Amino acid sequence: MTLAGVVSELRPGMTIGIGGWGSRRKPMALVRALAASGLTGLTVVSYGGPDVGLLIAARAVRRVVTGFVSLDSIPLEPHFRLARQRGEIELTELDEGMLHWGLLAAAHRLPFLPMRAGLGSDVLRVNPELRTVRSPYADAEELVAVPALPLDAAFVHMNRADARGNGQYLGPDPYFDDLFCLAAKRAYLSCERLVQTSELLAAGPPQSLVINRAMVAGVVETPNGAHFTSCVPDYERDEEFQARYARAAGSPEEWAAFAAEFLAGDEVSYQAAVVRLREPTPMADEAPADDEVPAGDAVSAGDEVRTAGGALEGDDVSAGDEVSAGNEVSADVAPSDDEVPA
Amino acid sequence: MTGGRAATTAEICIVACAEAWRGDGAIVASPMGLIPTLGARLAQLTFEPDLLLTDGEATLLAPVRDVGADDRIAEGWLPFRQVFTMLAAGKRHVMMGASQLDQFGNQNISCIGDWHRPKAQLLGVRGAPGNSVNHPVSYWVPRHSRRVLVERVDMVSGVGYDRAAALRGRSADFHELRCVVTNLAVLDFAGHDHTMRLRSVHPGVSVSDVAEATGFLLAAPYQVPETRLPTAAELAMIREKLDPAGRRDEELA
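Just so you know, the protein sequences line up as chains G and C, in that order. If you read the first sequence in our numbering, its first letter stands for residue 1, the second for the next number, and so on. If you read the second sequence in our numbering, its first letter stands for residue 1001, the second for the next number, and so on.
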């Protein structure tokens, strides 16, 4: 399929699930195509990162269903933050594990799954539609009945896939991409590289084939299609580009300029603009510092970031805790920390 | 040679964080933030060798104890879906941050102000609701102040003792807030009805300094001890092996 072909199958007001996690292995080419489509009123279900931010910036989103929206190395997604503070989007704020459970329930075609997470917290206060359920067994324990999160469509991005929809991740974590696909009526898989079925096992073991063709309605090859999120081992996050994106989100003028430079055309023109950015320019003040090679080409910039994170950070994002607010939050709200998840 | 230089506040906090995991054995330690991470690694390298720690992504790394050796050995795989299962199984102790924390240990990392249209959108609840009703939780507060230690939090993300006590079923049994490490002191929940209590003050900090920086009435024993200092071996481990680049002070800046 083509990106345009995928978008042509979507309708306003749909519920779209997006795989990956934070700013990691996000199907950004599909997201960019969706953002450019003019579709509105979407509900987006995601372990949120710039996918959510870009769709909010495109005014495509009515509601976000998530446990967080973060750029990882930049703790708060700027478009999401602004939209929340302006009251422009609706939010279903769930514990990260509840999101997993809702996708699993949908994949299993169950109405809900019981869970301990959420009890005692304000997740139940801000989502008054959530119900608890009492165990029918002797323990009679009261638990949250996490409702299924069925999706009209899902987007996931894999390192490799064949044309029939068998998808392979080669990075450290499958995230919940298989569940996003199974929870959706139609799932669309983008990949760094389309290969012959016979070549799949050359890249990784059978258990890296986390998506099978029964889960998928369409496949699109989108090289560098997770940019600027990470897609290891093909490439690390493009931290410099992400910082540029986050800065631009700070003012309408800068965002308009960013959108004009990168988002006005199709995916081919986006990728060309990213490449242009990397080329040395005659304007000294525009040139990146020596040690900040924008990523995209495999290791470069991200490598540095990963070393720092790998050596010292905890699994900050895991199961989601994470230190509180980001350094961008103004002091009067008492953020504690500027966690920089690796 | 590190013998001469006295321990800094960051180093005292790293050791205090490490102490949070003492006695935990073979469970996943999940530190959020640099100083808790250094603390968890220190604990794993010294008195709590059975702790499991990840590289910040999905690989579990076993410690290599020699000072100077910077390699750790991959010993397992812990993708997010497995983190969720381990946490629900109770085999985890996380140290989270807190934008707000009240006297019962209710924590907020979601937003400031009215949730429906927040004055400041923060991280979102992330995994805090599930963590806090499934396994031990501690908190790290790098800037102890009345803005963080508040009378009432705006959005309960991590569940405190008062709310846990109201739960029916085993969730109340699984709920345990171990300690709060700040730049001024170490606190626990051994006060009346599991309210926050001052356990120790860091060197150079007085009890009244802590009380003034706290937005609720803090329980304290008659004699408040001083937080223990790092041993020479711990200091060497921190300075030469865990954080030779000296990033640890940045989190307190």
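To be clear, the hints were calculated from the coordinates, so they are not data collected in a lab. Take the hints with a grain of salt, since some may be wrong.
Unchecked claim - Example chain G residues on the side facing chain C (calculated, C-beta under 8 Å, incomplete): (1) F68; (2) V69; (3) N127; (4) E129; (5) A148; (6) D152; (7) A246; (8) G250; (9) S251; (10) W255; (11) A257.
Note that the coordinates shown come from a computational prediction; the quantities given were computed from them, not determined experimentally. Quick reminder that beta carbons are idealized off the backbone N, C-alpha and C, glycines included.
Quick rundown of the hints versus the structure:
no.	hint	in the structure
1	F68	4 Å, holds
2	V69	7 Å, holds
3	N127	10 Å, violated
4	E129	15 Å, violated
5	A148	17 Å, violated
6	D152	23 Å, violated
7	A246	14 Å, violated
8	G250	14 Å, violated
9	S251	18 Å, violated
10	W255	18 Å, violated
11	A257	24 Å, violated
Hint check: violations occur at hints 3, 4, 5, 6, 7, 8, 9, 10 and 11; the rest are consistent with the structure.
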